[in-house]
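Residue numbers (numbering that gives the first Met the number 0), protein chains in the order written: chain A, 0 to 121; chain B, 0 to 197.
In case anyone wonders, no lab produced these hints; they're calculated from the structure.
Watch out, some of these pointers could steer you wrong.
Derived list of chain B stretches under chain A, where covered just means 3 residues or more per stretch with a C-beta under 8 Å from a C-beta of chain A [said to hold, decoys possible]:
| id | stretch |
| --- | --- |
| 1 | 34-43 |
| 2 | 78-85 |
| 3 | 99-109 |
| 4 | 115-129 |
| 5 | 142-155 |
| 6 | 164-170 |
Heads up, simulated BS3-like pairs for lysine-lysine below, C-alpha to C-alpha not over 30 Å straight-line [claimed, not checked]:
| id | chain 1 | residue 1 | chain 2 | residue 2 |
| --- | --- | --- | --- | --- |
| 7 | A | Lys106 | B | Lys174 |
| 8 | B | Lys174 | A | Lys120 |
| 9 | B | Lys157 | B | Lys174 |
| 10 | A | Lys120 | A | Lys106 |
C-beta atoms are modelled at their ideal positions from N, C-alpha and C, and glycine is treated no differently.
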Amino acid sequence: MTRGQVGRRMVPSYLATGGCGIPTRNTLQGLTALYATGVPPGPDHSPGHLRLLSLLDEGALTVAETAAYLDIPVGASKVLATQLIDDGQLRAEPPSQAVPGAAVATKELLERVRSGLLALKD
Amino acid sequence: MPPTPVYLPESPHERIKILVAGPLGIGKTTAISTVSEIPTLHTDEVMTTAAVGTDEITHHGLQDKKTTTVATDFGRLTLEQAGVILYLFGTPGQRRFRPLWDDLAEGALGALVLVDTERLQESFEVMDLIEERGLPYTVAVNAFPHSRTVEPDTLRDKLDLADHTPLVVCDARDKNSTLDALIELTAHLITLAGDASS
């Protein structure tokens, strides 16, 4: 919120997705991790698809992180990712087994988070 | 230019989310960047219609403009032994950003609400938004140099906090202090999880 916008993005978000505004599936969350499968892109894939694939060439990132690095809204990244999952180039991994979308965490997970945070203190 | 990507670890892990919420200029981004292991990232989200009637664009001959851009900042912490990556999402406090709120709150475990004793009323809106979602939260008073020290009981009263909602003082510029506020929130979530299972 506090950072000024450096400049307009080069490609409007509706063009980044090839004009598609609705993901083909609704299971991706901001913290869903995206992994490249190694399947090469096809001739129908847009520059937006290719940029996402190239970003994930060296490792996995969450949907939210891909949006930040590609400078597109999270919604646009979800559209691109779902198309690439459908076509086989990407694999998605949900954020957590314990919290698949629900804002309910197990006590055991929370205990681990608390000790993990304590361990980060100097 | 966005920074060089910091990829996810290859070891199995769970990814969880906590919101850092509060009005503009309250120190959300500061708190996130103080504890984040990666340079703080940001996305520009395009919002439609919700700003109509709130934003003053209609007064400037831009009646056709129905979208507005909201930036959100986020960072991440790897809790190695826990096998958890914790994401902190800075969440704007205004009700007119509600559609964005729905996305950000999805899957969030809880929220750290930053308040400034000099402008408490600005935090009411964000506390309402959080309570409407039933999201557990902890209030962290960001200790600004200009801010008066207010007795915790007086603050609780002014913020109309539920008895069980923790209230802590933190310095968003200080790593340990910000971690302490997050630890307090996590302890609160553990208590609630215990109550739910008993």
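Hints versus structure:
| no. | hint | verdict |
| --- | --- | --- |
| 1 | 34-43 | holds (count 5) |
| 2 | 78-85 | holds (count 7) |
| 3 | 99-109 | holds (count 7) |
| 4 | 115-129 | violated (count 0) |
| 5 | 142-155 | violated (count 0) |
| 6 | 164-170 | violated (count 0) |
| 7 | Lys106(A) / Lys174(B) | holds, 25 Å |
| 8 | Lys174(B) / Lys120(A) | holds, 8 Å |
| 9 | Lys157(B) / Lys174(B) | holds, 28 Å |
| 10 | Lys120(A) / Lys106(A) | holds, 22 Å |
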